Amino acid sequence: MDGSMMTTVTAGPPVVTLEGVGKRYANGTLAVQGVELAIGQGDFVSLLGPSGCGKSTVLRMIAGLMAPTTGRIDMAAGGQATGDIGFVFQEPTLMPWSNALKNVMLPLRLAGVNRGEAADRAAAALAEVGLKGFEKSYPRALSGGMKMRVSIARALVTRPRLLLMDEPFAALDEITRHKLNNDLLTLWQAERFTAIFVTHSVFESVYLSRRIVVMAARPGRVVEDIEVNEPYPRGEVFRTSAEYAAHCREVSQALHAAMGEHA
Amino acid sequence: MNAIDPPTTARVELSASEAADAPVEIRERTILGLTPESWARILMPLLIGVLALGAWEWAVRANEVPSYILPGPLEIGRTLIRDWHSLQISLWITLQITFAALFVAAALGLALAVLFAQSRIIEMSLFPYAVILQVTPIVAIAPLIIIWVDDVRIALLICAWIVAFFPILSNTTLGLNSADHNLTDLFRLYRASRWQVLMRLRLPTAMPYFLGGLKISGGLALIGAIVAEFVAGTGGRASGLAYRILEAGFQLQIPRMFAALVLISVTGIAIFLAMTLVSHMALRHWHESAMKERR
Ligand SMILES: Nc1ncnc2c1ncn2[C@@H]1O[C@H](COP(=O)(O)OP(=O)(O)O)[C@@H](O)[C@H]1O
Ligand SMILES: [Mg+2]
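Chains as they are written, first to last, in the numbering used here: chain A, 1 to 263; chain B, 1 to 295.
Hints are not guaranteed to be accurate.
What the hints assert, rightly or not - Now the stretches of chain A that chain B is said to cover, found in silico as 3 or more residues with beta-carbon under 8 angstroms: (1) 63-75; (2) 205-214.
What the hints assert, rightly or not - Chain B stretches covered by chain A per the calculated footprint, using a threshold of three residues with CB under 8 angstroms from any CB of chain A: (3) 172-183; (4) 191-203; (5) 217-227.
The set of hints was computed from the structure by calculation and includes no laboratory data. These numbers were taken from a predicted model, which means no experiment stands behind them. Think of the CB as a built atom: it goes at the ideal place given N, C-alpha and C, for glycine as much as any other residue.
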């Protein structure tokens, strides 16, 4: 390395591999078809595409929430263990009857971790996402951004190797979204999980990811695989840089080409 | 892999704007713990009530209506005090039957709803019978139950239970099936057992529904108890408030009849308020219906 704080990221061996993955829903909708994808250890990958192109479908299949109808999904050894995958939904998806701490404790309690240890680890996870002091707050007393932080803390509390996020910040205002983008990158660099981030925003995908998988609809499929080889940590300097703009243009063109084919 | 250790300068902190965006409970000015609006809510109906009673009293006196036709409120009040001893015994009996029925309805309704939630087949097979029980007028089955069951109090309890049971069952069944889809997926992701899903997701989700059912059933249990007692008539040894009304009717003691009627109404109101309070206490942290804040 060059000795500066900036590092470029290279992905390790695959943690998850999709081979010819297709999904046809019970009502006959062919949501995705022929998806070939290998996600490297420690990488930050965005799935980018217009709504309806099957991003959520792919993510849910990787999470094991449903099975593909064709093809196969392989997890690296250990990847099937409970708690090895964290999932963040578009909505915060918190239990309104539980306070922030109890919400974050949930994955541990489901896995049989005793109450005391679960509480300690959940408190630590909340502190990590910047919510120290809000342990006793109920979801309804938290802002949208804070609820999303609780949701991220819950996903990270089991120290997963793979963090799946389905448009987690889409409902937030832009300032909050930028802040959470930065915080997510900080957490990713500190904890070194592999991140798969679903978004329909070109800017968000370029800012966050090292690799962008562009998808198109009808049927949902992968059309482009673009690397954003810019060093981390990325901050406001990167957001206003010429490189950032160039990447955005490239990704945007790929996206529009993909959409144009079927428009 | 990240090639070198992450920079230690980067820290995750809550931004001020995010914290400021959190909903706040707006504390309104209160008088003796209640907001002016709450006071108006209590005082205005009371005022109307007092005016109506005053008009009633005046009408009775001005027209010299005999008390065996229509007693005035003052005379009803006097009767209530004079006959308090016997009325209070009846009130107690009616209350016992009502609350026993409500308790059994809540326990059985909840248990059956949980059973339904475990299996569609069970729900499909049994739910229609719960509906049949619900739509059959209680006055029509009460005589049968009173004949079949030796102990009149148990018979009354069964009648009150039949009336009170359905709202709890149907509400709770609905609630158990209303769990958030994403939360359900989350539980699946962490391989939660059926038991964990029930205890940590479905039952808490069903809580507001159950309490809503309880609120309706509280009033229904009282109605069921009173109706059944009317059917049981003077034959019963258990003499609740309905029996007092029948008895007073036969003896043309109309003020006493009204006094018993007042007690029934007050009991109904008290049950409703108690259930509202229970529901508010249980849900005040999280459910919309218990929220006071404004955004
Ligand atoms: N449960 C489902 N049943 C039937 N069709 C579905 C279901 N979920 C999604 N789809 C369809 O599959 C396609 C892809 O959906 P989705 O994966 O949600 O796309 P995205 O997340 O990219 O918006 C869409 O056409 C959608 O209507
Ligand atoms: Mg989606």
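Do the hints match the structure? See the list:
1. 63-75: holds (count 3)
2. 205-214: Coverage by chain B is violated for the segment 205-214 of chain A (0 residues, Cβ < 8 angstroms).
3. 172-183: With 3 residues in contact (Cβ-Cβ under 8 angstroms with chain A), the coverage given for the segment 172-183 of chain B holds.
4. 191-203: holds (count 5)
5. 217-227: Not satisfied, violated; 0 residues make the cut.
Taken one by one, the earlier hints fail for this structure at numbers 2 and 5, listed in ascending order.
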